[in-house]
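*Asks:* Residues per chain, in single letters:
4 protein chains.
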Amino acid sequence: MGKSTFGTNFTVTTWGESHGKALGAVIDGCPAGLPLTEEDIQKYLDRRKPGQSRYTTARKEGDLAEILSGVFEGKTTGTPISIMVRNTDQRSRDYGNIAVSYRPGHADYTFDQKYGFRDYRGGGRSSGRETIGRTAAGAIACKILEELGIRFCTYTRSIGPVSIQEFHPEEISCNPFYMPDREASEKAGIYLEECMKQQDSAGGVIECRITGVPAGLGDPVFGKLDALLAQAVMSVGAVKAVEIGDGTSVASMKGSTDNDGFYSENGTISKRTNHAGGIMGGISDGSEIILRAYVKPTPSISQPQDTVTSSGENISLEIHGRHDPVIVPRAVVVVEAMCALTITDALFANMSARMDLIREFYRK
Amino acid sequence: MGKSTFGTNFTVTTWGESHGKALGAVIDGCPAGLPLTEEDIQKYLDRRKPGQSRYTTARKEGDLAEILSGVFEGKTTGTPISIMVRNTDQRSRDYGNIAVSYRPGHADYTFDQKYGFRDYRGGGRSSGRETIGRTAAGAIACKILEELGIRFCTYTRSIGPVSIQEFHPEEISCNPFYMPDREASEKAGIYLEECMKQQDSAGGVIECRITGVPAGLGDPVFGKLDALLAQAVMSVGAVKAVEIGDGTSVASMKGSTDNDGFYSENGTISKRTNHAGGIMGGISDGSEIILRAYVKPTPSISQPQDTVTSSGENISLEIHGRHDPVIVPRAVVVVEAMCALTITDALFANMSARMDLIREFYRK
Amino acid sequence: MGKSTFGTNFTVTTWGESHGKALGAVIDGCPAGLPLTEEDIQKYLDRRKPGQSRYTTARKEGDLAEILSGVFEGKTTGTPISIMVRNTDQRSRDYGNIAVSYRPGHADYTFDQKYGFRDYRGGGRSSGRETIGRTAAGAIACKILEELGIRFCTYTRSIGPVSIQEFHPEEISCNPFYMPDREASEKAGIYLEECMKQQDSAGGVIECRITGVPAGLGDPVFGKLDALLAQAVMSVGAVKAVEIGDGTSVASMKGSTDNDGFYSENGTISKRTNHAGGIMGGISDGSEIILRAYVKPTPSISQPQDTVTSSGENISLEIHGRHDPVIVPRAVVVVEAMCALTITDALFANMSARMDLIREFYRK
Amino acid sequence: MGKSTFGTNFTVTTWGESHGKALGAVIDGCPAGLPLTEEDIQKYLDRRKPGQSRYTTARKEGDLAEILSGVFEGKTTGTPISIMVRNTDQRSRDYGNIAVSYRPGHADYTFDQKYGFRDYRGGGRSSGRETIGRTAAGAIACKILEELGIRFCTYTRSIGPVSIQEFHPEEISCNPFYMPDREASEKAGIYLEECMKQQDSAGGVIECRITGVPAGLGDPVFGKLDALLAQAVMSVGAVKAVEIGDGTSVASMKGSTDNDGFYSENGTISKRTNHAGGIMGGISDGSEIILRAYVKPTPSISQPQDTVTSSGENISLEIHGRHDPVIVPRAVVVVEAMCALTITDALFANMSARMDLIREFYRK
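Protein chains in written order, with our numbering: chain A, 174 to 537; chain B, 174 to 537; chain C, 174 to 537; chain D, 174 to 537.
Only chain A is shown next, with the shape it has when bound in the complex:
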């Protein structure tokens, strides 16, 4: 599998650097006959667009999605969908310092170690702009899943020390942090002001809830649905931990508490609790899938930091420019996109799990 390709039957290959000509994605294995327009993609891209509040970078980007292939007369054709977003706001500037020094918390040093040199403009391939391709692909996955009754609710659970206390889904799109709790969002704003005054940055937690997933997705061993989700979400830059259901807290639970008992009512089998977060033995159980991603604070801060140049000189570095004091709100849609890609791929793989259903599919 290509290093920039994700998935097996439904795949996305992304390309592009922060300050190159364009960024994009090729989505392959998308079934034919799905209605798809550039607006469908744009809605998702707009959720990660910067410049939407004072808490995100002032960099202005149109980030307009152009569909170059794979759609004919408004429907997908089954062939690869190529989506491109031109980089329009590439200010010509002097990268002097950054070109030769290793920014703490960034991939500068590791890129140089791996490749021998790097495109230092705006982080190159390791820029947050790389997520444009994922998000565009995720928009298509969500469109497929929506037709099957699978819905996502993804939001910011905490920023720095400020966690949500209540859950009002309708509030999510009403505040700049995508928090389902207005009061928490206001506190988060105050906290971020403080961070910015200190020339510092914050991290946070993103939560993704997925309903309508049929039981049976995922495989029992390496392809466990939670394992695939973990890779998907951990591959988003700045995510340092991923958990499913009760996650880290299961470690101190007892079996009698953690186990989700089953019960039957009117012929339907359900679980009384959902500590497992919708996945048991790596396979979806039909209940809500719950996942959390822990995001580190933006590494670009303008206060002076000790670091070195590529030639080994110890220096003090101040990073000025357009940086989000927190990337969590903009990463919400990216986490959702990665989960959607994973679920879609698992849905397709699952179609050949049973001989009786294959026989029925091919009508024999």
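These are calculated hints, taken from the structure and not from any lab test. Among these hints, one or two may not hold up.
The list treats identical chains as interchangeable, and a pair is accepted whether it falls inside one copy or across any two copies.
Stated by the list, open to error - Only pairs whose alpha carbons sit at most 16 Å apart, straight line, appear in this in silico EDC-like list of lysine to aspartate or glutamate:
1. K248 / D219
2. K216 / E339
3. K248 / D285
4. K427 / E366
5. K360 / E339
6. K216 / E239
7. K216 / D479
8. K194 / E438
9. K248 / E366
10. K248 / D529
11. K248 / D213
12. K370 / E438
13. K194 / E211
14. K248 / E320
15. K360 / E380
16. K222 / E344
17. K194 / E246
18. K427 / E367
19. K370 / E211
20. K194 / E239
21. K216 / E461
22. K194 / E491
These numbers come from a predicted model, not from an experiment.
Once you have looked at the hints, place chains B, C and D on chain A.
*Replies:* Below, chains B, C and D alone, put in the same frame as chain A:
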């Protein structure tokens, strides 16, 4: 990629059920010329063997590894290494209840939903015995990595509420819990006694530290080293969260604290801290890789639990038999194995990252 | 993908050397609920078994298939099926000459170049015995395909200069060469007698016809069904050319002759001819798939041949031992197996090609 | 692996339809530090450009390659290289007939069967224009291989009944058919004139010779180098047979003739003949790799053909428009590209074949 296959260039395919004839693994892409014996494998299998203390299942298993192919005159040949472990302790017994009911916290229900029926004997493919194949493969990966100066230190960080307070690596193999802190291990023993009395079970945390990993492993986007490690470790049954470096705690940190500053001394560039856990932008930075897996309590408990039969009858189920009150100690080597497989695969993939090194390799 | 793994959704991983302890295959992605017994496998292995006529090696091998996993109560469980065949006739012998010299037409030299050394016993991994694993896997694929109405007819089309002139399918299993023409098979016997007298060997052509394949399998670009079949069949040792439909002869045809015209009768669209061999634009068209494999003469011959030792000494080598004067008849089932694996994999991949059918599958 | 992705470590993903906005390719796994310009790509695209002689379609296409990512300061960065070619000559026209009828020899019928509908404009994804992406990727592969001393010589071996009689490599680029024999090219011209007069088309044979390939590339079983080349080349539209070395003719040879004897001279081991075409047991042997692709006649011919509409009406169809009477000359560079992609991928995979070389690479 096969659903039971892990890796790209260095792969393992596992097979086998808890109560089938045998379990095994096929390791492919192992370089030729590695000295390898059945003892090398056995050492790792013994670390996950049950019956080693009163805190693990009394099931007696030889778990003897037999190498069936891929080794000639004591060295690997470059062709697939097939390893088999016969199931020897398959007591003939009555699975009556378990065959038709869904054990809470197990994969019974999801298997039935996915496949239409299941091998109910001992959990079938979802049994902890499935990890035999991974562990055998991990032993080979560790042997390769050892030749390259890469070393693992994997241990139990906590059991239930009992966490280690000190770190004495030499202590790890001296207590039944593989804890690097004798006092903690004693407290863990007391805690587990309590659990067993209550017919209950416990979870815990496993930590894996990897030293000697060269900078440059992993890829910038979907193939981030931490993403691959997350999939690898989350694919171990009962793991519900994975974190790298400071993990979940980065979410409440500030950038100025989380960033690892670089410094140069005698021509060597190092980091002053290692909040990142050895991976930046998805690529290893040469410092210690640190990973933690959060393991849920053993779902098999003997106290009565509410559940249903496959025909939808509400019942109370007591699970008797041979079960570990905690699986953490036995999973330590499995987590290590999965990390070793991941690192080895990343090492091989990285060999074609630079044109100058390819040229040198092929001596042009 | 592992180097010894074939397929994407339905995969086989083979392992084992000619004179190792055993050979085998792990079949993954086999749907649950397929009735499967060791006899199903054995029937296919018996078709490639040596010692069935005076024209095949006298080596006696039981080649008994043992199913080690993935089958429960007579049906596949959806988890990996591990099949093993023990090597029972490993005469202890002196490989002296062969161990240090490069047999012309064999992989001895290239193995040494690639791996630095080799298992020289009976060809090691490059032995024809490697095909045991493929054949066992193919037996399972054929069982799946049979349930969907897909049938194979595979036979020897020619041996040396002797080609079939007539086609009587019922004759195929009645002569030692699996030729559908008794007279040709008798002439082939006479030709082979001559070869053996001259201490020489012969090649031939295998033809595989597949009926009942639904239209729509295969993908338009790299995953063309004919491309996948070509890889599958060319990966069988000794095959040096693969063709589909009219194959090589299309190069000198005109478009007006090569094109297969469509016609409609009673609401069914058919083709008047089948020059294309059942595949158009890489996708099956519902008509018979026709493939031919060109097999080189057995490289092991007992007449003296010029060659070198691994230390570079020029020598004359005579290869004595148990060798088939022609491998074509034994390779017939192997070609069928590889085609069956390819078709099965394509069948599963095709299930997610259309949004309307996905919707119907998941009943939304 | 994505359906439109080729390769494992060095991959290309192509996208685009004949009459869509653009076509392109994403090349991933390209090592960092390779000098690369748009001119490098353009040189290869120009070799497949139409409108270069009276024997190719009159469609005028700039086919200008634009590199959108993965190159910085004239060198590849190790991240995906996105290449796009805009479709500039999309005449607005009436596809009436073609939109609803199945052209014989084309993929129209199979696309409808697979996807339920199709982009009928100019063949959509099944157009020869799809090869633009492959060719662009092949240009990069060739650049890598050139640095390692690996050279390609690819040419037309025959058109219709006209085969080359002599081999003058310098002649290849001097005639419109890329034949290494001027006299044959003149005869081919006369033959094609005749075809065109008859409103008919011709096929032919392409030969690719690769020198400088180190011994050791390819794997012993499914990943045989010849198997991978067969898939690569058979995936080019219109190719119906692929052969390596003596190819189909080995079937009637005897072992004593087909075997290539080794000899040693001044410490170098060589083969006296090369019937095997440079690959033994699936692994390159260091001698010239020889491959031939058999290409069918252009299916689009203007004489009336019997066919059906998608609603099942029997009709007579005349295909007018811009079509090559033979596609062989334009496919020469495509076959070369596919071979180059395969060899490059095999080169990278081979780097981890031996423990001693891995140790040396990582300098331990």
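*Asks:* Looking back at the numbered hints, which does the structure fail to meet, lowest number first?
*Replies:* 1, 2, 7, 8, 9, 12, 15, 16, 19, 21, 22
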